[in-house]
Amino acid sequence: MDKLSLQDPVFATYVIAATLMILKAVSMSWLTVVRMMQEKGGFRSPEDLRRTALNPAPDPKQLERNERVDRIRRIHLNDLENIPFFLAAGFLYVLTGPPLLHAQLLLYGYVVSRLLHFAAYLSARTHDTRATLWTVGSLIVVFMTCRTLLAALGH
Amino acid sequence: MDKLSLQDPVFATYVIAATLMILKAVSMSWLTVVRMMQEKGGFRSPEDLRRTALNPAPDPKQLERNERVDRIRRIHLNDLENIPFFLAAGFLYVLTGPPLLHAQLLLYGYVVSRLLHFAAYLSARTHDTRATLWTVGSLIVVFMTCRTLLAALGH
Amino acid sequence: MDKLSLQDPVFATYVIAATLMILKAVSMSWLTVVRMMQEKGGFRSPEDLRRTALNPAPDPKQLERNERVDRIRRIHLNDLENIPFFLAAGFLYVLTGPPLLHAQLLLYGYVVSRLLHFAAYLSARTHDTRATLWTVGSLIVVFMTCRTLLAALGH
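Chains as they are written, first to last, in the numbering used here: chain A, 1 to 155; chain B, 1 to 155; chain C, 1 to 155.
These are calculated hints, taken from the structure and not from any lab test. Errors might be hidden in some of the hints.
Since the list can't tell identical chains apart, any single copy or any two copies may satisfy a pair.
Calculated lysine to any residue pairs in the SDA-like style (CA-CA distance at most 25 Å, straight line) [what the hints assert, rightly or not]:
| id | residue 1 | residue 2 |
| --- | --- | --- |
| 1 | K40 | D128 |
| 2 | K24 | F118 |
| 3 | K61 | A120 |
| 4 | K24 | T132 |
| 5 | K3 | L100 |
| 6 | K40 | T135 |
| 7 | K40 | S5 |
| 8 | K24 | N78 |
| 9 | K61 | T126 |
| 10 | K24 | M37 |
| 11 | K24 | H155 |
| 12 | K24 | V111 |
| 13 | K3 | A151 |
| 14 | K40 | T126 |
| 15 | K24 | E47 |
| 16 | K61 | P99 |
| 17 | K61 | T132 |
| 18 | K3 | L150 |
| 19 | K3 | W30 |
| 20 | K40 | I75 |
Only chain A is shown next, with the shape it has when bound in the complex:
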């Protein structure tokens, strides 16, 4: 059977988890834009101080670090450190033919852990809460990657 068919429930599980995580990561760009517009600051490029339709009253302070914008940039960077590797690890893992229940627990578990991590980071919960949620997702990626590596070495 075609492993990359959406009729295969394991692959469909991957596609749902992967697309949700892509939308999550891309949303961070949009959230950065929203916050920069709310704060009228947190910009990074000298040319962003030119008077334009989107910035009618430029001010050199707009290039200073803005914590509300920077928080989203930190969350975004955390996504870049994690989600691309989840996308690759999950894809290779489902190619090893895991049981559907394992795939669902790992892939949807990852999605839930990252959404909770986002909520904890956005609302500035203590480091320990954020770190615990990050750890769950990271261990899922490590587990899927090791299982896949062992499967490849076993052939």
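Got chain A sorted already, so can you dock chains B and C onto it with the hints?
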């Protein structure tokens, strides 16, 4: 038919767009190197102040922020925020079996939008120009991802 | 024959190289955690100064830049600039059906170059050593990507 064959024009379209975007992102590393050599600065690591064949006259100022190098680093970071998700979203999208014309418009449209975004960022055009070009690419990724998610949920 | 089967030695080579590189990149997150705990600093978020089980004696200096933590962050960023594109380029390259020996030299060569790059960066070897090792990996990605692009254009 094999979905991952270059004889499938939809998959070949993806491969052409994906490889062009990989080359684009990797080129930012090389462009950073070129600018660091031109500027003899914009370095980041303390050990880069040691006298070597590539840096015969070290100076502590070489570790200071250099706007010409930093511009490429900002463009590069923007690529990291966008291109890996395009690569994944485009791959899953072509697996859903879209019409060739849709795939060409979306995938090649993305490539063109990112190359124009690069030109606008490199030449320091106003924020509004750069933002418009970024938006086109981001909406293409969001569209492909949502179409793929809906296709996966429909099975 | 199924191109995405672990019984295909070319694809198995890719899976081994890809999973090793995913583990390498994810390890940088864990190494950052280890160093932040060793240094009790190098944090980034204001809320990390709250008293918690993991940070019983908070101090504003913990938010200052810490070179030992920052070194791992620089290595990590370098991974983000390289490994996702290796994962995608390598995958598309093996789909073009290269000879096993070529795939092994390129994919395992990349893994070795990145591990040596990591060792050189971690131990603060001169820029020239680090740059040479980075160059090997980058050229492998460029080569695989160009071969794949030419194969796609040839159809």
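Intra- versus inter-subunit Cα pairing at 25 Å for K3 with W30: neither (34 Å within a copy, 33 Å between copies)
Within, between, both or neither: K61, T126 at alpha-carbon 25 Å: between (29 Å within a copy, 17 Å between copies)
Intra- versus inter-subunit Cα pairing at 25 Å for K3 with L150: Answer is both: 20 Å inside a copy and 19 Å across each meet the 25 Å cutoff.
Intra- versus inter-copy proximity for P99 and K61 (alpha-carbon distance at most 25 Å): neither (55 Å within a copy, 49 Å between copies)
Up to 25 Å CA-CA - T132 versus K61, copy category: Between copies only: 24 Å across chains, 36 Å inside a chain, cut-off 25 Å.
Up to 25 Å CA-CA - E47 versus K24, copy category: between (29 Å within a copy, 23 Å between copies)
25 Å Cα threshold - placement of L100 relative to K3: Both: 13 Å inside a chain and 22 Å across chains, each within 25 Å.
Up to 25 Å CA-CA - V111 versus K24, copy category: Both ways: K24 and V111 sit 9 Å apart in one copy and 22 Å across, limit 25 Å.
25 Å Cα threshold - placement of T135 relative to K40: between (34 Å within a copy, 19 Å between copies)
Alpha-carbon proximity context of K24 and H155, limit 25 Å: Result: close only across copies, 22 Å inter versus 36 Å intra.
Alpha-carbon proximity between K61 and A120, which holds within one copy, between copies, both or neither at 25 Å: For K61 and A120, the Cα distance is within 25 Å only across copies (23 Å; inside one copy 29 Å).
Intra- versus inter-subunit Cα pairing at 25 Å for K40 with D128: between (32 Å within a copy, 14 Å between copies)
Violated hints, in rising order: 7, 16, 19; the structure is consistent with all others.
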